Structure formats: C-alpha cells, structure tokens
Amino acid sequence: MNNIEGALFGIVRDTVAPSKHNNMIWTHRIYRSSKLLAFLIRMEMLLFGVWALLALISSSGATEGLFEVSVWPDQALVKFGQSLMVNCSTTCPDPGPSGIDTFLKKTQVGKGPQWKEFLLEDVTEDSILQCFFSCSGIQKDTSLGIVVYQPPEQVILELLPMWVALDEVFTVKCHVPRVAPLENLTLTLLQGNQELHRKNFMSVAVASQRAEVTISVRAQREDHRCNFSCHAELDLSSHGGGLFQSSSASKVLQIFEFSQHPQIWVSPLLEVGTAETASCEMARVFPAKEVVFQMFLGDQALSPFLSWEGDTAWANATVRAMETGDQELSCLASLGPMEQTTREPVHVYSFPPPVLEIEEPYPLAGTDTNVTCAGHVLTSPTPTLRLQGAPDNPAPGEPAWLLLTTREEDDGRNFSCEASLEVQGQQLIKTTTVQLHVLYKPRLEESSCPGNQTWMEGMEQMLVCVPEGNPTPSLVCTWKGMMFDLEVPQKATQNHTGTYCCTATNQLGSVSKDIALIVQGLDVGFGSTIFIIIIVALGVGVITIALYLNYQPCKRERRKLPYRQKEKNKDEESQFAVQQAETCTTHNC
1 MNNIEGALFG IVRDTVAPSK HNNMIWTHRI YRSSKLLAFL IRMEMLLFGV WALLALISSS
61 GATEGLFEVS VWPDQALVKF GQSLMVNCST TCPDPGPSGI DTFLKKTQVG KGPQWKEFLL
121 EDVTEDSILQ CFFSCSGIQK DTSLGIVVYQ PPEQVILELL PMWVALDEVF TVKCHVPRVA
181 PLENLTLTLL QGNQELHRKN FMSVAVASQR AEVTISVRAQ REDHRCNFSC HAELDLSSHG
241 GGLFQSSSAS KVLQIFEFSQ HPQIWVSPLL EVGTAETASC EMARVFPAKE VVFQMFLGDQ
301 ALSPFLSWEG DTAWANATVR AMETGDQELS CLASLGPMEQ TTREPVHVYS FPPPVLEIEE
361 PYPLAGTDTN VTCAGHVLTS PTPTLRLQGA PDNPAPGEPA WLLLTTREED DGRNFSCEAS
421 LEVQGQQLIK TTTVQLHVLY KPRLEESSCP GNQTWMEGME QMLVCVPEGN PTPSLVCTWK
481 GMMFDLEVPQ KATQNHTGTY CCTATNQLGS VSKDIALIVQ GLDVGFGSTI FIIIIVALGV
541 GVITIALYLN YQPCKRERRK LPYRQKEKNK DEESQFAVQQ AETCTTHNC
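For the record, in the sequence shown the residue sitting at position 248 is 248 according to UniProt numbering, with numbers rising by one throughout.
Calculated from the structure, these hints are not laboratory results.
Treat the numbers as computed from the prediction; the structure is a model and nothing was measured.
Just to be clear, a hint being listed does not mean it is correct.
Claimed, not checked - Label-pair distances were calculated between CB atoms; the ranges are:
1) A537 to V434: 50 to 56 Å
2) D368 to I518: 45 to 51 Å
3) N414 to C501: 33 to 39 Å
4) Q260 to N414: 48 to 54 Å
We put the CB at the ideal spot given by N, CA and C, even for glycine.
Take these sequences, add in the hints, and give me the full structure.
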C-alpha cells in the first residue's frame, strides 16, 4: 500500500468505526474502497495537469491577441493645402514595429512606449490613412478618412448675352472654379431677391472639383435692368465643420427691342449759312429713353437734342450748311449692341436777298434819283428780278431800275425788289425793301393846323397845330408876344381869345401861320343843349330797362343772345342819343 492508499484507508476506518466482530470484514472492504478512491484521485490529478498545461500554453497567445490600435483625430477635415497632426497609439504593453501608411508627406514629430505622432503637410486631396502596430508578432491597424475642403471663395456669374432682344432666350450661368467637397455644395441663382433655380451636387463626381449651374430664360420687358447673382453654400456639418457662404458680383441684364430703321425729317433744300432744323425719329424701340442718336451733315457732326415718349425716341438738331452742292444728312441710332443708320440727300444752295439801292437815299423834293434792283453776286444761277414801280421787267441777268422824280408825297414810300430762283424744281423768292426819305420844307396844312379854333370856357383845351416837313420841323407859337406852351393843357378862359402865331422850322426853311382862337362861354343855348342831352340820356336809359325786362322770358327760353351783343346795342343807343344832342346843338335847339 502506498502512501495515498494508507492515508485514505485510515480516514475511512476512523470515520466508519465498525464493531469488533466484523473488524476483519470491514477492514477488507475499506482497503478495497481506498484503492478505488486513490485511482480516482490520480486520474483527477492527471486531468488537472493536462488542463494546467493547456492553460499555460494558451495564456501567452491570449494576452497578445487582446491589444487595440487607435488613431486621433477620429474624423479629419482639412482645408486645402493645410497640415494635419495625427497620433497613433496601442494598448500592447510591449509593441513591436508600428507607423502610418499614407501617400501624403509625413513627418514623425513625437513618440512614446505605446504611441507615435506624425505631421501631414500640404494636404490637397481626400485620402485614407492606415495606422498599424505589432504585438508579439501580431499586427493590427486602423484607418482614418481625411476630407479636404475648399470654401467657395470665387463665385462667377455670366449673362449670355448681356443685351438680349425682347422674347429671345438668354443664359444665366454660375460656376465655382475651386470648391470641395462637391457633395456638400449648393448653388442658387437669384433675380433680384427672387430665387430662380437651386442645385446641389450630391451625384457629381468629386474628382471634377468644379461646380456650375446653367439655365435659359426668355427675355421680358420687366427683366430690363434686373440684377442677377449667384449664391454658393458649402455645408460641412456632416464632417464636423461649419457653413461657408459666398456670392457672385451682380450682373445687370439689358432687354431691348430695336427692329425699325430711323426716319429723317429735313427739308431737301438747305440755304447755305441758314439754320434749319432736322429731326431723326426711331419708332417701336425699347427702352426709348436709352437710344443714342448721332447726326451728321456730310462730315460735319451735329449736336442733337434727344427726346422720347412711350416707345418712340427722336432727336432734333440745328443744321447750318457752309458749302453749296449735293450733300448727305445721316442719322445713326444705337441701343446697346444694335445700331441702324439712315441717310437722306439734301441740296445746299446760295440765295442771298437781292440788292436794292437808291442813288440818293435822302433826295430833295423835285430832284431825280435812280432806284436799282440787282441779284446778289453769291446767287447762282442768276435770279429773275422785279422792281416795284418799274415799267418793264429786265432781261435775264440784267438789273431792274427806275428813274424817279421825287415829290413830297414820296417821303416814306417803300420800294421792293423781288428775286425768284428755281432750285431743284422749287421756286424760291427773296424780297428786299428800302424806304425813300424825301427832304422838304415845313408846311402848316389846314388839316393838321386849322387857322380857326374854338375852345369851351372852363374846359381843358390845347392848341391844335402839327407841322409837316422832313426833317421833322420844330414848332413855336406866340401869343401877345409871349411863348405859348403847346404841350400843357390850358383851362379855357375868355382871356385865351385872340390870334396865335405859329412858326415851323427845319434845316430847309421855315413857315408861319396865324391861328384865330375863340373861347365860347356857357350861355343859355349851351345850357339848353346840356339839358336836352341829359333828357335824351334818361330816355335811353328808361327804354333800355324796359327792353331788358321784356327780354327776360326770351332769355330763359332761348339764352342765345351773348352778353357782348347786349352791350353793343346799348352802346349804339347811347351813340344815337349823343348824335341827336349834337344835331340839336348845331341847330340851336
């Protein structure tokens, strides 16, 4: 019995404690049980040893297989061309070979027992970086996605074309030369503050690195001078970044309608040196106020004054031709990229007024003087002449003339010289007028200086005497040896009765005349005359009132007689009354 069996036997024996008579039997049974129990213990120890060996073998591999590899940052968003710091670490207590795998330029800037740090420079495109560590011959790695972004710093808008004909199609195009990532970009086209079109780029290939949007629009009048712009948004919130926005410069769209040719309004005949007005009109044009006109007479540029109303624009210019002959008046109308030119032929002629000459412009009465009518030397061809008062028309190319013996009655007489010229089938006429001044001595005619004059006593009166003569004579009147003022009205008295001597004088001589003045008093006859005038005036007033009252019903029915006609009737009745009174006075009624 070995030691295990003996020990087990003693334990069983002491535990059971059987009786004496059965001592041998129990001893045999205990012995057999001890051997069985020892066998079982040996088997158990054998199994434990196998398990412990297996556990020892596998414990080293299990420790090595449970290590981790990590990278920081876990999400990388880098602006184009910038740098990125990357840290790789592991949980392996004693790591082996390690590092990062990338095509980017890398520099190790730090390390520790379980980590390494790298600087990535000039990051210009998206990539995936691998960070790896080895532990007990086993290598593990982890990846880091690097996203490169470019904000939409330049947004370009194009209007094609910038001047668009009405109802034609124009293109609005917006593009961003450099922006990333495209899948996070949105472009919005705006007309003023109104959104025209919006486009995102979720399905656009990232490799293109270019974003653009294009739409076509039909031009309407309300689009004229509208501002168009493009707004770009780069939303990087899904990558842990922010929102970048940028807008293009505004472009102004010009809409036009310009289908007609300008029309010129000008006389086909222009006289050299004479100002004429020429007009150039453009119809069915939009916008009319933006039409630009240029007008020329040959090579001479004119200065037009522009006007517009509705869809019509026009220009007026003053034309002054300086050379004779056939020329051309042109009008150039332009609007944006469009222009139209119209030309109109004109003929420039020279036709100064004829020359009218009086041999002696201030002849003495009774002397002879020649009046000559001739064409101007600059008139071509020679005009046809006619002198007023001449007995015959002159031969072509010859002047017209008249020999005149002057009389006092010819003073102030007008002579006219008429020249006619045919130009381009039109008959043109020019006339020159000259006044003749005949010099003669003073005259005191009875019609303008009566020899007998009557004043009414108590009334304001003036002596009537107007001399005739050329040069105009001066007049001096005396009364009782004293100068009498002809310019100031006098209150008539009996003392004014008498004879006044008036003398008219000019450079050619003088003439005198006596004027007998009588002042009549307010006698009975005169008073009766005044009374009759008053009675007649009152009668006319009564008749007028009666007619007016009788006229009212007719006025309400017809209302056709104007107010001025009634006043005229009243004036005629008043004049009739005055005439009656004067007649009565003449006959001493």
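Tested hints:
no. : hint                     : verdict
1   : A537 to V434: 50 to 56 Å : holds (53 Å)
2   : D368 to I518: 45 to 51 Å : holds (47 Å)
3   : N414 to C501: 33 to 39 Å : holds (37 Å)
4   : Q260 to N414: 48 to 54 Å : holds (52 Å)
Checked against the numbered hints above, the structure breaks none of them.
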